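Student: Line by line, the protein sequences are chains S and C. Using the numbering used here, the letters of the first sequence map in sequence onto residues 1 to 264. Using the numbering used here, the letters of the second sequence map in sequence onto residues 1001 to 1539.
Honestly, I wouldn't trust all of these hints.
Keeping only pairs whose Cα atoms sit at most 20 angstroms apart, straight-line, the calculated EDC-like set for lysine to aspartate or glutamate is [said to hold, decoys possible]: (1) S:K251 x C:D1213; (2) S:K113 x S:D155; (3) S:K55 x C:D1176; (4) C:K1185 x S:E174; (5) S:K221 x S:D56; (6) S:K221 x S:E84; (7) C:K1403 x C:D1415; (8) C:K1185 x C:D1124; (9) C:K1185 x C:D1258; (10) S:K251 x S:D29; (11) S:K55 x S:E174; (12) S:K55 x C:D1213.
These are computed hints drawn from the structure, not numbers from a lab. Predicted model only: the values in this text are computed from it and were never measured.
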Amino acid sequence: MKPDRLLRQLLVATLALAAGLVRAADLPDCSRPLTLALHDHGLLYSRQTDTGIDKDFADALTRRSGCRINIVVMPRARIWQLIESGGLDFSLSGISNAQRERFAGFAWYFSNKYYLLVRRDAGVQRVADFTRNPALRLGAIRSFRYSPSANRMIDALDADLRVSYASGLAPLYETLLANQIHGMIIEPFDYPAVESAHIREQTTILEFDDPPVPHGLIMSKRSVPPAEQARWHALVDGLRADGSVERIFDKYFKPELSRAMTRF
Amino acid sequence: MKRPALVTNLLLPTAVGLFSLALTGWLWQHERETLDASRRADFDFSVRQAAGRIEQRIATYEQMLRAARGLFNASDDVSASDFRRFVDDLIAGTELSGLQAMIFTPYLAGHQIASHVAIRRRTDSPGYTIEPPPGGRDPVAPVTYIAPDSPINRRALGHDLFTSPPRREAMLQARDSGTVAISPKIHLKMDQAVTSPAFAIYLAVYEPGRPTDSVANRQAALRGWVHIAFRIHDLMASLYGEIAPGVALRIYDGTRTDSDSLMFDSDPDATDAAPPRFATTEYISFPQHTWALRIRTTPAFDQHHSRRSARIIAIGGGLGSLLLALFTWQLTTGRSRAHARAQVMTCELRASEERMRHMAQHDPLTQLPNRALFSDRLQAALARARRDRQLAGLMFVDLDRFKTINDLFGHAVGDRLLVAASARMRECLRESDTLARLGGDEFVVLLPHIDSPADAELVAERIRATLVQPFGLDGHELHISASVGIGIYPDHGLDDTALMKSADDAMYRAKDVGGNRLNFASHPVPAQSRCAPPAPLTS
């Protein structure tokens, strides 16, 4: 082997080692098992099939970080409580507001719009019609927040005790079909259920006049230090940048919708 | 334009009172809104707490099942005693009174049933049978291990759960999902007499080492189920104290809230006569199953969140506003009221002074000027006459026989006679003349403006004549007469003393000669004197 060739190989090996060390230094700390909670919600995660976007994204996080992440499933309201208390490290598909910013950090990886799914016989032509009719009740998942207009609507209805809360989507669809509630706020993840024949026949979809709302990895500020949050944030950005996130969404949505949700 | 005083005086107190009332109203409204918000927040908290506690308790059961699955994943040969020891250790020291039993049920194809029964009889339960007998059923899911070990729980051993459609459906859901599934309302085999609604939570156990990443793989790897049976009343009893006071809870199986679906009612004696202040329905979502929680307030909630403080603000503020308005009225009208009071007092003082002056200058019986006032007027009249070189007349009038009448009819009649006589004399005089009583039955008359002594004589005669007329008093007709002495300035005296003396002397001279006559002062001697015979005292 010629000396210059050997030197070149040594140089490449050294650079590769240095790059690996730098990459390792940028990766999150995996010295302890981490916890990540999913919630049963349409295409995000189905407990029935143990599949969904969030499950795939959690697997991608596990692979990319090399950390051991224990995945648990629990109601969304409980997830927020545990994120706030530090009893849980991560959750997925979270949106932010001023209150949540106090106890959680976020790393966005998709955005989506919100829609009002309303019974056809409710006489609602526009979103505002729903609030105006005191006989109409809205169904919602406890602790969920939405886009600004949707939040204003649900807060106004809640003040009048016109919101029935549930810990999951299934009872909301059921009560919607039983005319016990007359509308609910949905996201693209709920399209498969909405497109089922008996729901589609009885309902119509109205769009809130709001821009898409970013969703992301939720990090508990109590259990994940700021430096670690920055590493996880960089890791999520990496998953977005190399197309991993879009590939996950492509499994569940048409390419154009997948692109619209992940490129924001 | 000047406003009426009443309006001006009431304007500020009214404004202050209204402002204070408005402030009270605002505070009252604010307090009511705060209390309403507090009530609503408490109710919302109660709703979240109730749903959260139940979800957490179910989650606890799920964790226990996952632990039990771990036991079976760790060993291919878990015996009945292993399972019982595991469960006993798992629940030792925990507060899980709602848990009736933890069970392992194997999934058995038809060809496995006979060997399963034989092993069970040989190792653990000599009388073990599958109930109902399998006959041609394939597969079966008989209760095989049950803990804690008790005679009641042992009743369920061998019971084929697949013969119960709701159980079978939940078990197959658990198998396919790999996670827990909760059954709809069932009746526990152990509860022969009890009719309390019960539930079972199932978690599938798979053959160790087999892939379970798809529904097909999970179906192929199925080994059985670990499950927990619990009664809803026991579950809720274990959560006693977790539900806020004043809040009643009903739990329905499914999303319908009718009597058929009702499983638990924390306040079964409540009537629906009075609508609750707050009521809502919260849905707890389990995998493929839902419970509806109907949560409402009871009268105890309103008692616990009374609006007493708002009422205190309303009553206290109302009274305070009234007092403040009164206080303001006192402050704003104090000066004017003090001024009015001072005016009244000044008037009273002036009247009092006037009365005192009158009393000092007048005879209290006849209200005629007394000696002092007469003296003043005499001096003034004489000064004016002296200055103007005019005449003035002075007459002494003494009532004849007055003492006799006093003695006969008493002082009261005498006094009235004096009053009547003075009134008659007064009528004989001009406005500018002065009639005064010097004391007893002695009167003096000052005529400040006369042109001649004859004018005085004329007046004196008029007096004499009028007094001679009878007086009717107390049914008596009284007769008196008068002796009049007349003095003329400057003829009979140049000063008051001299003139008085001259007139007095003249009067006495008239009296000395029998009374009822006029007599001029001695110098110059009157030109004539008139006489009249004395009249009888009465007629």
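Student: Taking the hints in turn, state whether each one holds.
Tutor: Hints and how they fare:
1. Distance hint between S:K251 and C:D1213 is fulfilled; the C-alpha atoms sit about 17 angstroms from each other, no more than 20 angstroms.
2. The straight-line distance between the Cα atoms of S:K113 and S:D155 is roughly 18 angstroms, inside the 20 angstroms bound, and the hint therefore holds.
3. For the given pair, S:K55 sits about 17 angstroms from C:D1176 by alpha-carbon distance, which is consistent with the 20 angstroms threshold.
4. Between C:K1185 and S:E174 the alpha-carbon distance is near 18 angstroms, which keeps this suggested pair within the 20 angstroms criterion.
5. This hinted pair does not check out: S:K221 and S:D56 have alpha carbons roughly 24 angstroms apart, beyond 20 angstroms.
6. For the hint pairing S:K221 with S:E84, the CA-to-CA distance comes to about 8 angstroms; that is within 20 angstroms, so the pair holds.
7. With a CA separation close to 11 angstroms, the supplied pair C:K1403 and C:D1415 stays within the 20 angstroms bound.
8. A C-alpha spacing of about 31 angstroms is found between C:K1185 and C:D1124, which places the hinted pair above 20 angstroms, so the restraint is violated.
9. Distance check on the hinted pair: C:K1185 and C:D1258 sit about 14 angstroms apart at the alpha-carbon level, within 20 angstroms; holds.
10. Distance hint between S:K251 and S:D29 is unfulfilled; the C-alpha atoms sit about 30 angstroms from each other, more than 20 angstroms.
11. Taking the CA atoms of S:K55 and S:E174, the gap is about 25 angstroms. The hint is violated against a cut of 20 angstroms.
12. Using a Cα cut-off of 20 angstroms, the hinted pair S:K55 and C:D1213 holds, with the two alpha carbons roughly 12 angstroms apart.
Hints 5, 8, 10, 11 from the earlier list are contradicted by this structure; the remaining hints agree with it.
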